[in-house]
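Novice: These protein sequences, in sequence, are chains C and P.
At position 78 of the first sequence (counting the first as 1) the number is 78 in the working numbering, and the numbers step up by one without a gap.
At position 67 of the second sequence (counting the first as 1) the number is 1067 in the working numbering, and the numbers step up by one without a gap.
Source of the hints: derived by calculation from the structure; they are not laboratory data.
Just so it is clear, CB atoms sit at the ideal spot from N, CA and C, and this is done for glycine as well.
Don't take every hint at face value.
[Stated by the list, open to error] Here chain P is said to cover these stretches of chain C; the calculated rule only asks that three of the stretch's residues, wherever they fall, bring their Cβ under 8 angstroms from a Cβ of chain P:
| id | stretch |
| --- | --- |
| 1 | 7-19 |
| 2 | 39-48 |
| 3 | 67-75 |
| 4 | 83-90 |
[To be verified] Taking CB as the label site, the calculated pair distances span:
| id | chain 1 | residue 1 | chain 2 | residue 2 | range |
| --- | --- | --- | --- | --- | --- |
| 5 | P | Arg1032 | C | Arg28 | 23 to 31 angstroms |
| 6 | P | Pro1059 | C | Val33 | 42 to 50 angstroms |
| 7 | C | Asp37 | P | Leu1060 | 32 to 40 angstroms |
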Amino acid sequence: MPSVLSMEETLYISLAAGVLIGVVLSTRRVNNVKAVDVTSTISIIALVLSMGLVVGSEVLSLGGLVFTVIAASIAIAVLPGLLGSYLAEVEVRRSEGGAKGSS
Amino acid sequence: MLPYAYVFLYIVVGTAGIYVGLSWRRLAAAGRRILSRGLAFTAFAVVGDVVAGLIIALPLDLPVRLAVAAALGSGWYSFTGPFLSLFSPAMGVIGFVGNQLREDITLALFPLLKRYVGEGSVVMGGATSMDTTLGVITRYGGPEVGLEGMVQGVVLTLIIPMLMPAVVHL
Chain C
1 MPSVLSMEET LYISLAAGVL IGVVLSTRRV NNVKAVDVTS TISIIALVLS MGLVVGSEVL
61 SLGGLVFTVI AASIAIAVLP GLLGSYLAEV EVRRSEGGAK GSS
Chain P
1001 MLPYAYVFLY IVVGTAGIYV GLSWRRLAAA GRRILSRGLA FTAFAVVGDV VAGLIIALPL
1061 DLPVRLAVAA ALGSGWYSFT GPFLSLFSPA MGVIGFVGNQ LREDITLALF PLLKRYVGEG
1121 SVVMGGATSM DTTLGVITRY GGPEVGLEGM VQGVVLTLII PMLMPAVVHL
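Start from the sequences, fold in the hints, and give me the full structure.
Specialist: And the structure:
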């Protein structure tokens, strides 16, 4: 059967449905966090496993890309966070300087 | 094999939404200053991710849109890796490992970053600052910085599943 919704549309619907369920659950006195934790942990493990199968089945196609993969992974781990942190800190100091100046 | 990855991805995004829905009361109770600073941190996190993605893509000759999407993961490796692997296995690995390392670096180096950079170092935690790295942020940054981190984490968790497909399909 052909899919009616695109992947992105299904992602948005999943997120919106999740938020609605969360809001409804938050109005109940019962603590549902444990059940959500279990569901989330199981699906993350399954997701990572299935991703490993997808990647593993095509790992040979990586070939000479191994250096690029390692370098890019390290760069993506460090650079975005550091850049964002410095930009945010500049703004924090600017706003605090402005607040002190006006008081 | 691939359809299972899709299904699990939808469940993960759905449960992230449930977490956001469950914590809306705590967020509503947070002060205006915390909320505005948390939102500013979110904006700087997105700007930092996009700029860094562009900087990384050019010298390593990576597909620009996928590299920016990988950087936009903001530490959410369980979403970024599987999502990008649907377009390119190599970018899936980069998205997964890079964002996993970002979470680990935040856990290990946040005290040092807080000392040398300041309050803005919360941005390093990205989407993880509402769950896994919240403890270390609150411990070394204080409760107010922890709440700002939580606002940032919640908002990033909400917008990443929208931003990433949008960037990939630009």
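Novice: Each of the hints needs a verdict: does it hold here or not?
Specialist: We went through each hint and held it up to the structure:
no.	hint	result
1	7-19	holds (count 11)
2	39-48	holds (count 7)
3	67-75	holds (count 7)
4	83-90	holds (count 8)
5	P:Arg1032 to C:Arg28: 23 to 31 angstroms	28 angstroms, holds
6	P:Pro1059 to C:Val33: 42 to 50 angstroms	44 angstroms, holds
7	C:Asp37 to P:Leu1060: 32 to 40 angstroms	37 angstroms, holds
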